[in-house]
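*Asks:* Which chain is which? The protein sequence lines are C and P, in order. Using numbering that gives the first Met the number 0, the letters of the first sequence correspond one by one to residues 0 to 439. Using numbering that gives the first Met the number 0, the letters of the second sequence correspond one by one to residues 0 to 461.
It is possible that some hints are incorrect.
As the list claims (entries may be wrong) - According to the in silico footprint, chain C covers these stretches of chain P (three or more CB under 8 Å from chain C):
1. 49-61
2. 297-309
3. 419-431
Stated by the list, open to error - Derived lysine-lysine pairs resembling DSBU-like cross-links, with alpha carbons at most 35 Å apart:
4. P:K225 - P:K315
5. P:K439 - C:K234
6. P:K401 - C:K191
7. P:K455 - P:K87
8. C:K158 - C:K191
9. C:K392 - P:K87
10. P:K209 - C:K191
11. C:K272 - P:K398
12. P:K221 - C:K191
13. C:K398 - P:K401
14. C:K392 - C:K314
15. C:K359 - P:K209
16. C:K158 - P:K311
17. P:K398 - P:K221
18. P:K311 - P:K455
19. C:K329 - C:K359
20. P:K225 - C:K272
21. C:K234 - P:K209
22. P:K87 - C:K398
23. C:K329 - P:K315
Claimed, not checked - Partial list, computed: chain P residues near chain C (C-beta under 8 Å):
24. N3
25. G46
26. L267
Bear in mind the hints are in silico, worked out from the structure with no lab data behind them. Glycine included, every Cβ here is placed at the ideal spot set by N, Cα and C.
Chain residues, written in single-letter form:
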Amino acid sequence: MTDLTHTDAAVTDQEKSLAHKVLVKILAQGFDRAAARVSADELHELQAENGEINLLRTNFETEVGLVGIADSKRASLSINQVDDAALEAAVSDLQGMAAGSQQDPAFDIAPTQPAAAFHGGIDEPDYDAMYDRIEDLQRYVSATYPTLNLRSSGITYFKRRSCFVNSNGVEFLTSRGLYQVSISFSSRLGSKTSSMMYTGYNTLELDTPIQQSSNIDLLMRQSTEQVDTQHIPEKFVGDMVITPDCLMTFVGFLTARISDGPLVSGTSMYMGKLDEQVTSPLLTLHSKPLSDELCGGYWVTGDGYQAADSTVIDKGVLKTYLLGLYGANKTGLPRAISSGGSYIAEPGSSTFDEMVAGVKEGILITRFSGGRPNDRGDFSGIAKNSYYIKDGKVQFPIKETTVSGNMVDLLNSVDAVSTERLNTGSSLLPWVRVTGVTAS
Amino acid sequence: MRINEIDLKKYSNQFASYTELRLHENRSQNISLLNGDVVSNTRDASGGVSARVYDQGAWGFCSNPDMGNEAIETTIGAATRNAAFLAKRVGQADASLPRANAEANSDFTSGKPTLSQESKIALLRELDTYIVGNCPEVVSRQVALNCLDMEKKLHTSEGSYGHNTNTRSIIGIKLTTRNNQDEPIELSEAIGHRGQFEDVFTSAEPMFAKIDALYLQLLDKKEAVKAVSGYVDVILASDLAGILAHEAIGHTTEGDIVRAGSVAADYLNQSVANELVTLVDFAHTHNGETLPVPVYLDDEGVASQDAVIIDKGVLKSYMHNKESAQYFDMPLTGNARAFNYTDEPLVRMRNTAILPGESSLDDMIASIDNGYLLMRPTNGQADSTSEFMFGVQMGYEIKQGKLGRAISDTTISGVAFDMLKEVTMLSDEMVWSCAGMCGKKQPMPVGMGGPAVKTKVHIGGE
């Protein structure tokens, strides 16, 4: 926890005052439990398209979220107009929405907790630094990768001040500002075009050139190679080395299925699996919204609890579901102490090169473009910006290659995790090797 | 202050260079029933003013939720300063954009009194009760309502003006059963209509037949086999044609994507498809029918025109905003749309469709010895290489011209212009979808349509 700076404290007082005002109005409407969240956002974005800086954006946004529970009937509403007439209309609508709904004893709000204030990140955008970094990236690309088209590149400074209060006396003030860097690109040589790639990272400083941050330079270099793609020789069942860029596409199947919807509906493949082995023992995954290793976490959960770090998978064993308050009450299972996200996976014992060297036949996958997996975990999709591996060596970039398998089986098949990890500011993840994937 | 009470034209004297001034509010509603319990009961309203200013080739943008007089003036001023900041550094004195001066107004809100939350929940509950009573093998069910009203008032420095409100209501139904291995097997349906709830969901009964069909297919899917992966003959049912048009061809021919390197840049006025294929991005109307997402005036103040992308197999044009139309020296099409008041307009599809042919679906199935009938799309994605993919949640084998076993969820993919050349039959039906939400940087409601298509694609599986 960090004290709010004087400036931020003064400004956040506006959100605090409005949040309490809204809370009083909700309770006055006849609700027996209520919560209000007021957020004030500030966004400054410098954007370039096709290698030309072409847009400077300044956005301001206010959002007021209202939750009311009356006679065990719940409604929620959000607005961004904050004049008295808009607030009166909102609480009146909230009352009508709840009255027309249905009772459910699982609806509740967070219990009393000590009031707290949190502040992180940077307070003001540096336009000159934003401009210099984008211009610097363009110069670097022109000189180093002349066939690469920077379709879009942008730096956004985003700051949110927020106040959450509820009728149990909870009051959290938060304030955080950070830079979000995003780029998308493809390469073109003659009539040959590579697949589009997009990536990004969060950061608190702009001293480091974009091309030296995260794995941006590697992805750009690979893009220029990927104008010359080949089909895989023939259909095979083999290994897949998953880069950190798309690891959450696969691990995300598990984290989504251990949250409210699938568990409440009873359709999750991970029902009844708490404290059981659900993945390979090589996988350990934390949700660490408070970690100093990341810069885009959070201090308060969506339900209004002070967030804490947790271990989701410990050596393959499922240690927590990611249930919110409603899901926990509805299922009788424990509420998660984080809202998920901010994922950090423990490194393994193999280097990336050793992982590839151990592949007889497989795919190095950087982007997965596929249909949503079904509840059972079956998946299929195209391996984009990816490579064919044969006899321990990366051979060539591939095209039109479909990979398919089952998410539950895939996560159990992990046989190597890299020592190297990629930090994007919002996650810290390794390369992971899995087996038994069909490529065609 | 409500949007209809604000006169935008009075700010004309504050436009220092080309300016788009937009008031914009999105109003959405979600009610979800999970196994009969109301688990979501929410509404959101997000609106404000935005100004986008063009100065010597550079754009300045500013938005503010406050739509009061002072805030509007401040927003115009900030956007103008942002453009000037960039113009000083990267400005090109001779930069200009195609001009447009148009006016269009439309309002698809209901004239009926707004129904109470209780009435809407009652209709959803009626559907839920029908499922319980008529679908005995369903072990989990979800019934959800999602409504979106998008109101925009636009005034540009070139004199364009419009006040347009689009509305859309969707009921989503997801049924889950369990197979012999006790694994969950699910199937979902989205019933979407242009219009507000009060106009389009007056009764639950017309949706019962859709639930019956969904349930019967779910029972087939319980016994489903996995598709055999490979490059195969397929019939894409008419409910898939829209996403095919959108993902496979539409994105590849958006002007900004073409400019960024899409392969479509190489094929203008060339044959890219079987001559059976004509593909159009309709602005608002087709055959006298108002389409799912009618756009009369885009967010750059351009009167929306139909964009004929492929005419009898030949690639004829792209979809444009002002910048891409200028870059390619093509007519404006009015495809620039922004999702939220905080967003700048991008090149977006409106109602993208493959026009129908003359074959019957039965004849199309009978023409395949070994392949698949695919139906019920999920998500999709396109690429600058024109390689597309989309998920399919229902399908059947075709063996010797007859439907066989159901197949489980799969993903199909292909290279758009290769796939279009393999089209050999189009059915005589035309099915429109009003449930699509495109995700190109910003979300955006889109309409999609077409007939059943016989072609070849890659299919994922064993």
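*Asks:* Against the structure shown, which of the earlier numbered hints fail to hold, in ascending order?
*Replies:* Structure breaks hints 2, 3, 4, 6, 7, 8, 9, 10, 11, 12, 15, 16, 19, 21, 22, 23, 24, 26.
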